[in-house]
Amino acid sequence: MALLRIEDLNIDYMTLRGRLRAVKNASLTLGEGEWLSIVGESGSGKSTLAMAIPGLLLPPGRIASGRIIFQGRDLTGMSRDELRRIRGSEIGVVFQDPLTSLDPLRTIGDQMVEAIMEHRAADSKREALEMASAALESVGIPGNRVKYYPHQLSGGQRQRVMIAMAVMLKPRLLIADEPTTALDVIVQASIMRLLKSLQRKMGMSIILITHDIALAAEVSDRIAVMYAAEIVEEGPAEQVIEEPLHPYTEALIKSTPDLWREKTLYSIPGNPPDLRNPPSGCRFHPRCHKAFEPCKSREPRPTRIRGRTVACHLYG
Amino acid sequence: MAILEVEDLKKHFTQGDLIDRLLGRVRIVKAVDGVSFKLNRGETLALVGESGSGKTTTGKLILRLLEPTSGRIVFDGIDITRMREGELRRLRPRMQMIYQDPYASLNPRMEVGKAIAEPLVVHGRASWSEARREALEMLERVGLTPARDFYRRKPIQLSGGQRQRVVIARAMILKPDLLVADEPVSMIDVSMRTSILKLLLDFKREYNMSMIMITHDLAVARLVADRTAVMYLGKIVEIGPTEDMLHNPGHPYTEALIAAAPTIVRGARKPSLRIRGEIADPSRIPSGCRFHPRCPYSDGSKCVKEEPQLAGDSRMVACHYPLTR
Ligand SMILES: Nc1ncnc2c1ncn2[C@@H]1O[C@H](COP(=O)(O)OP(=O)(O)OP(=O)(O)O)[C@@H](O)[C@H]1O
Ligand SMILES: Nc1ncnc2c1ncn2[C@@H]1O[C@H](COP(=O)(O)OP(=O)(O)O)[C@@H](O)[C@H]1O
Ligand code: SF4
Ligand SMILES: [Mg+2]
Ligand SMILES: [Mg+2]
Chain A
5 MALLRIEDLN
15 IDYMTLRGRL
25 RAVKNASLTL
35 GEGEWLSIVG
45 ESGSGKSTLA
55 MAIPGLLLPP
65 GRIASGRIIF
75 QGRDLTGMSR
85 DELRRIRGSE
95 IGVVFQDPLT
105 SLDPLRTIGD
115 QMVEAIMEHR
125 AADSKREALE
135 MASAALESVG
145 IPGNRVKYYP
155 HQLSGGQRQR
165 VMIAMAVMLK
175 PRLLIADEPT
185 TALDVIVQAS
195 IMRLLKSLQR
205 KMGMSIILIT
215 HDIALAAEVS
225 DRIAVMYAAE
235 IVEEGPAEQV
245 IEEPLHPYTE
255 ALIKSTPDLW
265 REKTLYSIPG
275 NPPDLRNPPS
285 GCRFHPRCHK
295 AFEPCKSREP
305 RPTRIRGRTV
315 ACHLYG
Chain B
184 MAILEVEDLK
194 KHFTQGDLID
204 RLLGRVRIVK
214 AVDGVSFKLN
224 RGETLALVGE
234 SGSGKTTTGK
244 LILRLLEPTS
254 GRIVFDGIDI
264 TRMREGELRR
274 LRPRMQMIYQ
284 DPYASLNPRM
294 EVGKAIAEPL
304 VVHGRASWSE
314 ARREALEMLE
324 RVGLTPARDF
334 YRRKPIQLSG
344 GQRQRVVIAR
354 AMILKPDLLV
364 ADEPVSMIDV
374 SMRTSILKLL
384 LDFKREYNMS
394 MIMITHDLAV
404 ARLVADRTAV
414 MYLGKIVEIG
424 PTEDMLHNPG
434 HPYTEALIAA
444 APTIVRGARK
454 PSLRIRGEIA
464 DPSRIPSGCR
474 FHPRCPYSDG
484 SKCVKEEPQL
494 AGDSRMVACH
504 YPLTR
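First to last, the sequence lines map onto chains A and B. Sequential numbering from 5 applies to the first sequence in the numbering used here. Sequential numbering from 184 applies to the second sequence in the numbering used here.
These are computed hints drawn from the structure, not numbers from a lab. Since we're looking at a predicted model, the values are computed, not measured. Don't take every hint at face value.
Said to hold, decoys possible - Reference excerpt, derived from the structure (chain B facing chain A, CB under 7 angstroms, subset only):
id: 1; residue: Glu294
id: 2; residue: Val373
id: 3; residue: Ala444
id: 4; residue: Pro445
id: 5; residue: Ile447
id: 6; residue: Leu456
id: 7; residue: Ala463
id: 8; residue: Asp464
What the hints assert, rightly or not - Sample of chain B residues lacking proximity to chain A, with all beta carbon distances greater than 12 angstroms (derived):
id: 9; residue: Lys193
id: 10; residue: Leu206
id: 11; residue: Ser236
id: 12; residue: Ser253
id: 13; residue: Ala298
id: 14; residue: Pro469
By construction, the Cβ of each residue, glycine as well, lies at the ideal position given by its N, Cα and C atoms.
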């Protein structure tokens, strides 16, 4: 059974310089307990897509059309209050920079208790505090750290606290937007290990946003690749990595430095396009080494092949 | 010939105000705690380690952007350890540094072309009109074309990768002998890192420049560095030729850094990540081997009591039980 189904989602930012479509015709399905990673370059629309799910699009952004079906209900039609209730209790969110989402003047315990009480998940403050300290333990932080202020923790610990807050009410879905981009490799590896164990233990689904396809390869069940506001390829992680269909996926893999492959200095030629003025036809065609006649003029339609979806003229 | 020689370099920050001092509560943060290495002309050395291991402080000390507590820094045969700012000024154009955050290293109000031209004028190398011409050439070189269009842009009108190209152009316009690049690609998409690194390598070759690449990512070190020094809590714990070290790490911490690097290769023969906890507070450096509280190989006695020294020839490791042999 699908936990989440995104259907033909379009998201715009209305700016002074005109409309910018940051997510175009996106469709995705996420099963119970599945880990989906959304990868792509900076500005490709990953965060916009992911944040639209729990209703966290920032002001000039709005959903132009499409549906987001979560546990059978369409989130796009819900009120702010309903969405707020779902966030935290059914969908947890972790952002890249934990300092911007934690209040520096209050202890982490205070902030956790407030969230728990808001969702009426405990009968008393005391019970809430016990829940908070258990949640910290579950992410590998001693429970007595509820008394700490955010600045008393390291970057990696703060991100663990954010994860604890996001999962303490046992959501069915956790959305993590570049949770380790500001951290170094060892901390990143331990945070990924933590997420993996939470996914298994709680049977929770995860959507991870990352620009690092190697990181996605190591942890995900499925991978969706975004380019210039579009999902160009989606499928089981192993297949996407071992046998990429879309030339962009292939280039992304090739351009990723990797200790376990031959050393190359390959990089994708050109720059990602300006979304106010995207290229005609296939948006990747100016940078694609396989581009042929129809690519410039016609937009490729998403096609299903062998359990995967790919939008490229090479595949019909 | 060595362009740079660093000997037993230390930087200890004293933290605490007068009252703390009176109460004996000062903390001594040993950010860099005895670092030695040589860098040859045209060579690239990577300084690798977690956040807090002292990489940035080492980089700043080398360029005398910070006052060393003790030790010696010899740049191109000249001892600059205690050199005064007036004298240093003449050497500054030959030693450049670029920083992690391309947003912070550019003046938001200045046209980027002018930012690139400025060092030439400041160091009396050219008039504004000559500098402008050179800056246009530089924009072309770093792939920001049409150069005339980019010259007039403000940093906010550029992407992160483009900004880092501007920062590189600004550092390179003086044709320095030594570049310290402090995590120049860690804020840039993985897929765009290689093109920035390639740019640095091209300049390096052209100017026969020497480079210190600071990074926490061994995959970055591998692409650019002839040799790599792994730092932990203010000390070099392993140093040697990069590729060799990656294949056959000698220090348990190097092994951990390798284990933590993500790979797309399924079933890659990767060591497992067995390191515990987090890097210690540099004002409370653990006894014996400073890595012992996190080390899966610690014997619990010698490792806790005796500090291992860097030993070896082309590859040096500071560990009582090196993994090599
Ligand atoms: N508040 C906003 N107003 C206008 N445009 C925006 C806004 N937020 C994002 N955009 C634009 O929408 C597009 C997608 O942005 P988004 O942040 O979703 O990308 P991303 O893939 O998450 O990138 P990154 O890796 O940099 O986080 C970009 O072109 C971006 O400039
Ligand atoms: N000006 C300073 N005052 C006190 N401590 C500092 C200062 N600069 C750096 N440190 C400390 O020194 C240690 C090493 O820092 P740094 O050189 O920035 O490491 P890295 O670049 O490897 O992350 C850290 O614990 C840091 O907090
Ligand atoms: S000296 Fe002991 S504690 Fe230190 S790295 Fe070697 S084995 Fe580990
Ligand atoms: Mg984003
Ligand atoms: Mg640093």
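Do the hints match the structure? See the list:
1. Glu294: violated (20 angstroms)
2. Val373: This interface hint holds because 5 angstroms falls under the 7 angstroms limit.
3. Ala444: With a minimum Cβ separation of about 5 angstroms from chain A (threshold 7 angstroms), the hint on Ala444/B holds.
4. Pro445: holds (4 angstroms)
5. Ile447: Holds. Min distance 4 angstroms.
6. Leu456: OK, holds: Leu456/B within 7 angstroms of chain A, min 5 angstroms.
7. Ala463: violated (11 angstroms)
8. Asp464: Violated: closest Cβ of chain A sits about 10 angstroms from Asp464/B, beyond 7 angstroms.
9. Lys193: holds (23 angstroms)
10. Leu206: holds (21 angstroms)
11. Ser236: Nearest chain A Cβ is 9 angstroms from Ser236/B, so the label is violated.
12. Ser253: holds (28 angstroms)
13. Ala298: holds (20 angstroms)
14. Pro469: For Pro469/B, whose nearest Cβ neighbour in chain A is about 16 angstroms away, the distance exceeds 12 angstroms, so it holds.
The earlier numbered hints that this structure contradicts are 1, 7, 8, 11.
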